[in-house]
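J.: Okay, here's what each chain looks like letter by letter:
Protein chains: 6
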Amino acid sequence: MPRIVTFGEIMIRLQPCNHERFAQTNHLEFGFGGSAANVAVTLANYGIDTAYVTKIPTNTIGQCAVDSLRRYNVDTSLIVRGGNRMGICFSEKGFSWRDSFCIYDLAHSAIQEATTADFDWDNIFDGVDWFHFACLSPALSPNVGEICKEACLAARRKGAFISCDLNFRGMPWLRQQASETVLELCRYVNVCISNVEAANDVFGIKVEETHANDGRVNLESYKSVAYQMADRFGFEIVAITLQESHNTSEAALSALLYDVADDRYCFSPKYDFHIIDQLGSDDSFNGGLIYALLSGKSTQEAVKFAVANSVLKQSLE
Amino acid sequence: MPRIVTFGEIMIRLQPCNHERFAQTNHLEFGFGGSAANVAVTLANYGIDTAYVTKIPTNTIGQCAVDSLRRYNVDTSLIVRGGNRMGICFSEKGFSWRDSFCIYDLAHSAIQEATTADFDWDNIFDGVDWFHFACLSPALSPNVGEICKEACLAARRKGAFISCDLNFRGMPWLRQQASETVLELCRYVNVCISNVEAANDVFGIKVEETHANDGRVNLESYKSVAYQMADRFGFEIVAITLQESHNTSEAALSALLYDVADDRYCFSPKYDFHIIDQLGSDDSFNGGLIYALLSGKSTQEAVKFAVANSVLKQSLE
Amino acid sequence: MPRIVTFGEIMIRLQPCNHERFAQTNHLEFGFGGSAANVAVTLANYGIDTAYVTKIPTNTIGQCAVDSLRRYNVDTSLIVRGGNRMGICFSEKGFSWRDSFCIYDLAHSAIQEATTADFDWDNIFDGVDWFHFACLSPALSPNVGEICKEACLAARRKGAFISCDLNFRGMPWLRQQASETVLELCRYVNVCISNVEAANDVFGIKVEETHANDGRVNLESYKSVAYQMADRFGFEIVAITLQESHNTSEAALSALLYDVADDRYCFSPKYDFHIIDQLGSDDSFNGGLIYALLSGKSTQEAVKFAVANSVLKQSLE
Amino acid sequence: MPRIVTFGEIMIRLQPCNHERFAQTNHLEFGFGGSAANVAVTLANYGIDTAYVTKIPTNTIGQCAVDSLRRYNVDTSLIVRGGNRMGICFSEKGFSWRDSFCIYDLAHSAIQEATTADFDWDNIFDGVDWFHFACLSPALSPNVGEICKEACLAARRKGAFISCDLNFRGMPWLRQQASETVLELCRYVNVCISNVEAANDVFGIKVEETHANDGRVNLESYKSVAYQMADRFGFEIVAITLQESHNTSEAALSALLYDVADDRYCFSPKYDFHIIDQLGSDDSFNGGLIYALLSGKSTQEAVKFAVANSVLKQSLE
Amino acid sequence: MPRIVTFGEIMIRLQPCNHERFAQTNHLEFGFGGSAANVAVTLANYGIDTAYVTKIPTNTIGQCAVDSLRRYNVDTSLIVRGGNRMGICFSEKGFSWRDSFCIYDLAHSAIQEATTADFDWDNIFDGVDWFHFACLSPALSPNVGEICKEACLAARRKGAFISCDLNFRGMPWLRQQASETVLELCRYVNVCISNVEAANDVFGIKVEETHANDGRVNLESYKSVAYQMADRFGFEIVAITLQESHNTSEAALSALLYDVADDRYCFSPKYDFHIIDQLGSDDSFNGGLIYALLSGKSTQEAVKFAVANSVLKQSLE
Amino acid sequence: MPRIVTFGEIMIRLQPCNHERFAQTNHLEFGFGGSAANVAVTLANYGIDTAYVTKIPTNTIGQCAVDSLRRYNVDTSLIVRGGNRMGICFSEKGFSWRDSFCIYDLAHSAIQEATTADFDWDNIFDGVDWFHFACLSPALSPNVGEICKEACLAARRKGAFISCDLNFRGMPWLRQQASETVLELCRYVNVCISNVEAANDVFGIKVEETHANDGRVNLESYKSVAYQMADRFGFEIVAITLQESHNTSEAALSALLYDVADDRYCFSPKYDFHIIDQLGSDDSFNGGLIYALLSGKSTQEAVKFAVANSVLKQSLE
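Chains as they are written, first to last, in this note's numbering: chain A, 1 to 317; chain B, 318 to 634; chain C, 635 to 951; chain D, 952 to 1268; chain E, 1269 to 1585; chain F, 1586 to 1902.
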């Protein structure tokens, strides 16, 4: 069985119940999440041997975060314990014309104040086949950028395949300020998952008209973006997601996977769906894609599986 | 006022709140339901004098089941008390592309281990105008099949009209294994409520194309199914429901009623609707149909009333 | 900063959670609302200096009502305390084809048994720019009608602009019985907010066909209603809302604002939306309209802002 | 099996969860209660054929009240439906040194505005062995006093035994103002349940020192009160409860039963206990006493059973 | 680090919230528990490498049970998956004079219908230092008795220490019917945890007066019970717990540990405490005792630690 | 009416419901609290004109904090808005032998990163009679220490009386590290509220035996502590609280007030009580004491009132 390691920040997630707003409630749902942690849970759910690496404080709240991952069979034995606090995401679900939003309180979290000395990557990557991280964390903190770079180097040494999420959907403002760190990390990445907005903002890749005159999606423009990304950074696979939000409660999702070796562009079907919670939709795409590729599905099947996985995730509380 | 008796299994129903999954929650909604019990509640709500007959353990949980029926004015004085356990249905509501499902834990329930000695049907049917049962319970357990047969014979003796639900929607796998018991019971039934899938699986009635080339429903094929069923078993009324599930949250419902005496086929309008909970949709169709027929509505009005009743039920938590 | 006073009845609002019915639940949501109170909260949320005037008992429940307003920065210092009880609204939210409904228990509330001696309007209107009231309360009780009339006279003396909500959506039966009191109060009103049904029932204004043969809204008929109302009562601004309920969960809203001085008819865009809770949709239209007008938006912008505000409100729990 | 009828007011009961205060919460527990209704539920729980008589509005909320009684097997078929509203009790549970309290909103309830024409007592008392009512309702409203008097006369005619609760614990202020109506009703009562405070306030019965110098209860003084009450009104049984509240969460309960025919004074043991909810403690004493007497227990056993029943009731949510 | 294996039945636990009764509620707390599973969680919480062995169905509910253990770091990789259902415990918490109770629905559970072929004990006990089981499960089902016997034999072969809980507190009626199976298993046990009632009922060990004339506990009688048990079965350690329930909410706990090798009787201090939930009190005693002995505490310290652990457990929801 | 200003840190308070632990729950109670904010709410509840001063971020969560204070009639118009985050207190309530605890995540909160430039104290203290602050915040952060010193100087200039809470009960470890900042601030304080532990740790005041040989409290030792504090810092009033925790659920509270001008030592009665939540017990003592002194009660009455207020507070959720 293949073994995967994912790395990134895990946050406390606090959220009003149902469709309530913070201003109306005195009870919050209490959970934990983060891009790489969500990917780890997805993969463990599919039966993959998955370890999640991060730094979490030793207090009761930190222990709850570890328990929440262990419950879903994620290997938590490599998590470094220490630091002062966990980052927090206060998220409010919108409805219909009312937008969802998140207030992030991430500064000074254990992982953002961690140093490269905290992680022994050569040991971590023993027997590991795949390494996944998201670019939000390295973009947020130089420390995490450094740690990530060391991780990529070690992964390469150990022969692990590397995938990276460049969507930046949770914090779109990071697209501008993140480019240097991110560009350097891209050099080590085999599978890059992104969207058109990030390709433009982070890499300066100009997109041709994404919609034709008749309002239909211009497939060629997506192919061009994927090609340019692969061409510039040497990615082996580029996946471009296209989520169209009709409103806060309804959306459609499709994706393009560009398989460089075969020079093949695979478009998934487009799914229309109702949304319970959009948070983590990219992570479930990533997890689905990695699982599909690891388990030997074709690239065409893989991109469909990844989209379906994300659609199902958005129908969960 | 007419008096009705319904017979069948009542289960404990355990269900996560809202759209949560079992894997996410540590609180469950705690209620009771079952095809014939639901029909009884519907009829009592419409003011019909309705008794529900089953066997329920004498413990606190069994008493809660009785209380839950009494609350809605169902006559519970004929329920036999005894046996070891109640069956349980763990049900999880889906959303959008995510399916709903039920896990049944029914074996060894009080009613499935009951014997014909438990029920004095001649006494039960004193002054009763209508007897209703669903075929799930007799299909699940030979004991219940025997009890049901005795009930039908007594009902005939006492001059009660007999209706039966043959949809098997909750447990479609029973359609194959249930046929013998069911076929025998059908001989006593006046009003049979079914759908095309059950007609095919249980009775081997072949259905012509249900949809024409243009995607519209082929009404003639439904009429043919109803006709064959009536022809074969001597039913006086056959009702065929047609629920089209667009996805877990949206559906359309219509129905056909075939009135044999008048050789008249009555189609209801088709209602498009959003779903909160689909469980029990057939039971509310049945209850609505029986109420409509008992209260003197025409067969055309009755099938519309039954469909509307089912649509409203699916908008309830 | 402008200062507004709103006047009317505030009720205890008791409502089952989510989509439950009263018959299913033993827990209720406990809040407070009322047309003029809701308008006050909307305006205070937008930063307007807003006082709400009513009469509320001195007991713990009354204090909770005051606290609930103060929380949203409404000036509650002018509320008269006394009387025996608060009115109550038991409201049940429908879904899809199932209707929402309210059971009102308002008789003998503190405000309905208040007298003109309870309110020193000249003092209340010191430095006040705008006075708003809804016609439900004066239509329900002669006492409130008298108090309202004194308020209008004082507002005029003090130079405050007067707006009034004539929708009667919550209690449509009042449209017939309310006319005399209401007609008299209209003489003092500058901005009148209504709909076609109320215009017909209260004022006897005949409406031409509101929909053309092709099913599209006949804009001229709305313009005609607005014109007749302004012509008859001397309103400076008439706003006509048009909420089309597709079903309990989905609707569309648009509105017409007739600016008499400019003889200008401004139509808002039409918004299609999903509904969480429709209660208070008129109040949020009113609050949005008043805020927009007070903050110097054009009448065209104002009617759009008011509609958007109402649409957003209906997406809240 | 004996048949009992109880009569009185049933209220909506609204209460914050756990130990929250109204000022802290936006969710309330929603239930129904009232002295005579609670006695009916107690008796039905013990298997006695019990009907509850009152007047309840025809709306959804009124139906919920009826359902809540039917659930516990109380015969609700004699309840008169009509009137405008139900009375409401807002109750807040205290803890330790913090007191519990109720805010009553009872005026103009259906039963308080009922007339003697609403009840056909001779019909109601057909085959009835025992009639129970509490004096709160007749003391609150002259209408109810008149109805109660007619009920007592009919009960006498039909040979039913009559019991009455004169504790007035929920509304002690009524003790003063209630005397005339109450005194007249007492002439028909066989079993009177009261306490020392009510005996003093309502009947002017002077109590000797209830506690001796050493702090222990002076049993003779209780015997004297019971004797005087029986002597003056011709009661056959007088029960005097003695609840000592150490604080809101802890209390002790004992009682004296004076059996006039045997001239026997029976003291129950004293139970020390923790309290979850004190509301209804008298009603459970009454229900327990009536059940014990009806089922042939000795007066000594009966008073112990009644006290134990009340103690258990106070350990329920 | 030592490694422990525990074996037994895990049940679904369904319980009303707070102090509600089943008859009052439509929401239940949903969890999992069982004697040996609880011991495993306690040990894993203290950092011991602990595996729990049982048989659990493959459905969603069974997966939730596995997740709930994994969350607390119990090794679940040895759990056999299969069978038809999980046993269920409906438990209601009492208060003050109101008793707690459980309704068990255990028959035909996966583990009770398991066979010896399901478990490869020699493999399971590789590297294991301690094996713990409770006698409830083997007493309930001959299958489990057989499985347990094979486990004990394998544990002996592999050199694992064996402890066993003989309290039978949850199902006292089993003490009578369980003796044969249990007596045979006792031959393999090193550490036996029991109480005086079980010693009497299961082993027929007569207890001298446990309380002296002055009401104080007679320590000699407890020492005698422990001595007789050790003498008869060759236990190395016997622990006797003594929980005195003042009422449902208050109790005291102490224990005696008899260390046979040193012929030493160690009494713990007695703790008085308030109870939130008594279920599992023996399991936490067992877990605490095993942990203390494994981590090198003296027998005197160990019995105190075990009692304190049980007292703390009973203060948890 | 007197006007009070209180100053300090307000935190988000997140707490499991009832007696659950963080490890068990996925729902938290969401509120706000802080020593000086709690004092402000107490005083506003008693009808005092009270403003609370602090710095709070401009985001939605910060707005909720402001709303929560405004709801209880605290003047929030002087609160400075800005900064990056609010401090958080994760608090878990214990029970019986299980301790309560708090995990603080306060670093980098808006108020701790505020500067003296944020507050215009001369303006804030216009017309203010009393200034209260707690020493936790200045002890935690040099910035707050500086701000507090400027506040005290301005209060003196404006003639406001100054009170200060030196209990440090929430964070006892601060007693050692806080001394310098605190000692300087003490020079400006008129009323100092403390306890024996803080007097020892912060000021090095040696306490004689607080308990006599017979276990009773040695009143003279408390008088000595109060005298030494007043003597050293020139306080006009010193209040010393004495909370005896029997266990997490039960405690006793009394207090001593030393009135320097009259050289009078006033001891309150001692109250035994059950605890729902101990957090904020000192704040309610402070608020009660300030209110009592402001409203003209004698010092003997004031200390009793303050103790009773704290006891009642601890009986609230």
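The set of hints was computed from the structure by calculation and includes no laboratory data.
Be aware that one or more of the hints could be misleading.
[What the hints assert, rightly or not] The calculated EDC-like cross-link candidates involving lysine to aspartate or glutamate, where the alpha carbons are at most 20 Å apart (straight line), are:
(1) F/K1855 x D/E1201
(2) C/K904 x A/E250
(3) E/K1538 x F/D1684
(4) E/K1538 x F/E1835
(5) A/K270 x B/E567
(6) B/K587 x C/E884
(7) D/K1221 x E/D1367
[Stated by the list, open to error] Here are some, though not all, of the chain B residues that point toward chain D, as calculated from beta-carbon distances under 7 Å:
(8) R387
(9) K466
(10) E467
The beta carbon of each residue, even a glycine, is placed where N, CA and C say it ideally should be.
J.: Against each hint, give a clear statement of whether it holds in the structure.
T.: Right, here's what the structure says about each hint:
1. F/K1855 x D/E1201: 19 Å, holds
2. C/K904 x A/E250: Judged against 20 Å, a Cα distance of about 19 Å means the pair holds.
3. E/K1538 x F/D1684: 19 Å, holds
4. E/K1538 x F/E1835: 19 Å, holds
5. A/K270 x B/E567: With Cα atoms ~19 Å apart, A/K270 and B/E567 stay inside 20 Å; holds.
6. B/K587 x C/E884: The given pair, whose Cα atoms are some 19 Å apart, holds under the 20 Å limit.
7. D/K1221 x E/D1367: 19 Å, holds
8. R387: 6 Å, holds
9. K466: Violated: closest Cβ of chain D sits about 32 Å from B/K466, beyond 7 Å.
10. E467: It is violated, given that the least Cβ distance between B/E467 and chain D is near 29 Å, above 7 Å.
Hints 9, 10 from the earlier list are contradicted by this structure; the remaining hints agree with it.
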